[in-house]
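K.L.:
Below, each chain spelled out in residue letters.
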Amino acid sequence: MLELEGISKSFPIRADRTVGAAHAPRRRPVLLDVRGNLPPGVTILTGASGAGKTTLLRVLAGIIRPDGGSLRYEGTEFQPRARWFRSCLGYLPQRVAVYPEMSVRVFLAHMAALKAMPVGLAGRLAQDVAGRLGLAACLDRPLGRISHGQAKLACLAQALLNDPDVLFLDEPFEGLDHSAGRSVAALLARPGRIVLLTAHAQPRWPLPLAQLWLLRGGVLERG
Amino acid sequence: MLRAQAGDRQAIASLIERHHRDMFLYFSRLAGNRGLAEELTQECFLRLVRGVARYSPPRPVRPWLYAVAANLWRDHLRRAARRREVAAAAAGTGPLDPSPSVEDQVTRRLLADRLSAAVRALPPETAQALVLRFCHNLRVREIAEILGTREGTVKSRLFYGLRRLRVMLESEEVAAHGQATPASPRG
Amino acid sequence: MARRRRHPPGDEERLAAMLGFSPADEYLGLDLSPGETGGLLATAETLAAWTPEPPAPEQQKRLLAAAMAAAGALAAPRLTRPRGDLWTVADGLWAVLDAVRPHVHVFRAPFWLATLVAVAAGLPLLAGSRSLGGWLDLDFAGFLVLMAPVVAVGGTAYAFRSCGSGMAELEMTAPLTPWQLIAGRLAWVLAYDSLLLGLCSVAAAATGPGLALGYLVAAWLGPMLALALADLLLTSILQPWAAAGACLGLWAGAVACADRLPWMAPLAAAGTAGAFGSAWVFAPVCAALLAALALSGQRLAARLAGLAPQAGG
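Protein chains in written order, with the working numbering: chain A, 259 to 481; chain B, 1045 to 1231; chain C, 586 to 898.
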């Protein structure tokens, strides 16, 4: 169980120099007081564009620091930048940007090395995950020369490479065709794994859905 | 185990090789589903790998492993209840071996299916106690430690659980027999 | 209290043994008719004999792979530090190798080749020529001083080319601190550049009269470190290649005014005792840049993760 306690985050905005705007706030709050529990299973986070879904995922993944609030994992308070938490984390960013000259195989090896996985094992697991995501045929093709959907699958493969306990996925199904979406859905869930994914609509594929979160006005509403 | 605690991958591998079958069968008996049993077994060993640091050396490995498995099963049941997940169809699984003893195999499988269904119909803690005692041969004291309860409670669960199981199996037998030969009287 | 039983001798003891009770256990004395004892015994035996289909060997292989991955992700394949109470050179080397190893994949063939070609371009100067394409009047030692910041800045920009992209965001979720990530990549660039420039310096010192290897290395090392750090600092506000362009522009300006800048003396008289003193000017510059980097660490980390300070979403 991952518990979110009063997470808040705001971003600086350019000072408004128009007359009468002297007291306008200089920071734009995105997350006000996010509270909720993430049990094992899939939690879908939804909300309008700009509601703060990506920001929340980035805060949880330790990419940006929150202004306030705390996180607990299995009852223990932690910082998401802690090495142990990162070791059991899988993350997919919204923007699929990769080194275009790297092959899928090297990309997975690179991410496995950063995740401190043993070289031989990482190779075998990369092959396995890539195969299950339908990437076996393009393992040796440069990422810049495969389709956007395949690059997204490669990014998903790296997220799953270390068999993470916690998965944060930003729009994982966007841009995937039906069979790729089905493969991804089948790979996400396993007993005990906490999955938080953002989506504009509920995915069409069967997922062990634990709950639905709606982010509105910087706070969570449960669906 | 101490070597596994020190991060020795060989030790972890041998630990898995030694206990994989038992853990798989434990989950298979409780879940009645090989796919789920595999998932839970994997999760159990992953918890073991991640939790080696919490293992205290004087404690025997086997009960500790079963304690992890019992907690995992409890978590699974909680999740399943929350999702109102219908338990997956009973095991059976796999084609029958086309050997001369097919009839024998069918009989054994039918019995196993009935037993599996009956065990799943018991209260979870009772089912776990019965499986741990009769199928995995753990001592009452060890079961009490694994399930986090008193020995007296375990004894009570074993005794009344066995009684209940007997009643369920016999009533199913009656039903099955009655269906097959409606006219035959039973004493 | 307990009614005594009339069941076949031995059944009760067998049932007690199967239940793990002592024969005198209270449960066994309660309401157990011989038929019930026999029935319970039969149920217990059925349960004990119940063995579902065991796991397939492939299942164990899959499990082993997953467990090894988990063990790897947690304990990590840290290179084993040689035993010993004192921190030796070997210890340090192991630690450095361990820290830089994960970043090797970032450096693809263009990096290795371009750096090699850039440094090798000055080799004709070794043969005695003092002009580089008729543009600059330099000896080989001077060429090395000129080229060191160029390859270092180019390499740094290449190493951090993912900065500002989703790729960097991905890399930032690895179990590494931003500083480990920065230092690991910078180490590859500086180590490779130093290796090439060092080999060339050995050749220059061997062939050039009046050149000392130590002075020569000091002459290119200072500008190389200073410009690489400046590039990194600028990367916290500019795109990597724009930052590199700004740094190289700065260096080109300094080279063009080398005659009027006393601290650029190493360019003209690199490797000699006379120019050695002016090479020290880069030491405080490097220290100041390091301090500035430390102060801008948060911003640089955010930039590396591809996030503008205003990023929301």
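Hints were generated in silico from the structure; no laboratory data involved.
Quick caveat: nothing in here was measured; it's all calculated off a predicted structure.
Backbone N, C-alpha and C define an ideal beta-carbon position, used for all residues, glycine too.
There's no promise every hint is true.
What the hints assert, rightly or not - When the alpha-carbon atoms are kept at most 25 Å apart in a straight line, the in silico SDA-like pairs for lysine to any residue are as follows:
| hint | chain 1 | residue 1 | chain 2 | residue 2 |
| --- | --- | --- | --- | --- |
| 1 | C | K646 | B | A1057 |
| 2 | C | K646 | B | P1168 |
| 3 | C | K646 | B | R1106 |
| 4 | C | K646 | A | I271 |
| 5 | C | K646 | A | G333 |
| 6 | C | K646 | A | Y357 |
| 7 | C | K646 | B | E1214 |
| 8 | C | K646 | B | G1079 |
| 9 | C | K646 | B | R1208 |
| 10 | C | K646 | C | T636 |
| 11 | C | K646 | A | A395 |
| 12 | C | K646 | A | P376 |
Said to hold, decoys possible - Okay, the calculated bits of chain C under chain A, using three or more residues with CB under 8 Å as the criterion:
| hint | region |
| --- | --- |
| 13 | 644-655 |
| 14 | 681-692 |
| 15 | 799-810 |
K.L.:
None of the hints should be skipped; say for each whether it holds.
P.N.:
Now the hints, each set against the structure:
Between K646/C and A1057/B the alpha-carbon distance is near 10 Å, which keeps this suggested pair within the 25 Å criterion. Restraint check for K646/C and P1168/B: not satisfied, since their Cα atoms lie roughly 30 Å apart, outside the 25 Å limit. Under the criterion of a C-alpha separation no larger than 25 Å, the hint pairing K646/C with R1106/B is consistent with the structure, at around 21 Å. Taking the CA atoms of K646/C and I271/A, the gap is about 53 Å. The hint is violated against a cut of 25 Å.
With a C-alpha separation of about 33 Å, the suggested pairing of K646/C with G333/A is violated against the 25 Å cut-off. Distance restraint check for K646/C and Y357/A: the Cα-Cα separation of roughly 32 Å exceeds the 25 Å cut-off, and the hinted pair is therefore not satisfied. For the proposed pair K646/C and E1214/B, the alpha carbon gap of about 40 Å is over 25 Å, so the pair is violated. With a CA separation close to 15 Å, the supplied pair K646/C and G1079/B stays within the 25 Å bound.
Restraint check for K646/C and R1208/B: not satisfied, since their Cα atoms lie roughly 38 Å apart, outside the 25 Å limit. Between K646/C and T636/C the CA atoms are separated by roughly 21 Å; this keeps the pair inside 25 Å, and the hint holds. Taking the CA atoms of K646/C and A395/A, the gap is near 23 Å; set against the 25 Å cutoff, the hint holds. In summary, the hint linking K646/C to P376/A is supported, as the alpha carbons are separated by about 17 Å, within the 25 Å threshold.
Only residues whose beta carbon comes within less than 8 Å of a beta carbon in chain A count, and the region 644-655 of chain C has 5; three or more means the coverage holds. With 6 residues having a beta carbon nearer than 8 Å to a beta carbon of chain A, the region 681-692 of chain C meets the requirement of three or more and the stated coverage holds. Beta-carbon proximity to chain A at under 8 Å applies to 0 residues in the region 799-810 of chain C; the threshold of 3 is not reached and the given coverage is violated.
In the structure shown, a violation is registered for the earlier hints numbered 2, 4, 5, 6, 7, 9, 15, in ascending order.
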